[in-house]
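Undergrad: As you go down the protein sequences, you meet chains A and B in turn. Under my numbering, the first residue of the first sequence is numbered -16, with each subsequent residue one higher. Under my numbering, the first residue of the second sequence is numbered -14, with each subsequent residue one higher.
Take these hints with a grain of salt, some might be off.
[Claimed, not checked] Computed cross-link-like contacts, SDA-like style, restricted to lysine to any residue with a CA-CA straight-line distance of at most 20 Å: (1) LYS64(A) with LEU29(A); (2) LYS75(A) with LYS42(B); (3) LYS75(A) with ASN41(B); (4) LYS84(A) with PRO86(B); (5) LYS84(A) with LEU73(B); (6) LYS40(A) with LEU57(A); (7) LYS75(A) with GLY47(B); (8) LYS84(A) with ARG81(B); (9) LYS84(A) with GLN20(A); (10) LYS64(A) with ASN91(B); (11) LYS75(A) with ASN91(B); (12) LYS75(A) with LEU73(B); (13) LYS84(A) with ASN44(B).
Hints listed in this document are in silico derivations from the structure and should not be mistaken for laboratory results. Nothing here was measured: the structure is a model prediction, and the numbers come from that model.
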Amino acid sequence: GQNIDQPTEMTATEGAIVQINCTYQTSGFNGLFWYQQHAGEAPTFLSYNVLDGLEEKGRFSSFLSRSKGYSYLLLKELQMKDSASYLCAVSKGNTPLVFGKGTRLSVIA
Amino acid sequence: KAGVTQTPRYLIKTRGQQVTLSCSPISGHRSVSWYQQTPGQGLQFLFEYFSETQRNKGNFPGRFSGRQFSNSRSEMNVSTLELGDSALYLCASSIRTGVSPLHFGNGTRLTVT
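If we strip away everything but chain A, and leave its shape as in the complex, we get:
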């Protein structure tokens, strides 16, 4: 089976940096996706990590350590519109993604 853990909720201040962690235990790991989901909306794709290391995309970066079963999403210069749920999802190749339960991020002034 697969076990994916992320914190349930986080709060951070506008303009700050926040790191959302995701740990997983699975066999046949291929890569890890991050999605953003605003309340009442569809999840939207943020990043996909296959290799170890940090990938940066503007204010958002995602890190993967395959040996440790660990990933994080780093959000810089937080804005109010970043308040959303952040979902990590494990890929095992040609099988459906398995999602964590999501981390609800609240950005406060």
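Assemble the complex: chain A is given as a structure, and chain B must be docked to it using the hints.
TA: The following block gives chain B in isolation, referenced to the frame of chain A:
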């Protein structure tokens, strides 16, 4: 390019009824997946279709079924509805299962009373 379209957006049904949800994927995407989203369980995989064939199935009872048509459009059906089936049902399409991003529709919010 048009995104994934799901209809209807909202549905209210009573226990024991059945319901059919529809999904039109992004043009060129042949893989269509369905997920159930609830506050307590998060996103749970229902099934995946590729070229009209069910390729993967999640741990849901047989009351949940689906199909895919030759134009890649997909439907899912839930029979004998239970209160616990109240959820957001999300459809997602992708080019290739598991290694290309899922593109989600806005979902169908099903309420069973």
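Undergrad: All the hints need checking, so say for each whether the structure fits it.
TA: Hint check:
no., hint, result
1, LYS64(A) with LEU29(A), "holds (15 Å)"
2, LYS75(A) with LYS42(B), "holds (15 Å)"
3, LYS75(A) with ASN41(B), "holds (13 Å)"
4, LYS84(A) with PRO86(B), "holds (18 Å)"
5, LYS84(A) with LEU73(B), "holds (14 Å)"
6, LYS40(A) with LEU57(A), "holds (10 Å)"
7, LYS75(A) with GLY47(B), "violated (25 Å)"
8, LYS84(A) with ARG81(B), "violated (23 Å)"
9, LYS84(A) with GLN20(A), "holds (12 Å)"
10, LYS64(A) with ASN91(B), "holds (18 Å)"
11, LYS75(A) with ASN91(B), "violated (25 Å)"
12, LYS75(A) with LEU73(B), "violated (25 Å)"
13, LYS84(A) with ASN44(B), "holds (17 Å)"
Violated hints, listed in ascending order, are 7, 8, 11 and 12; each of the other numbered hints is respected by the structure.
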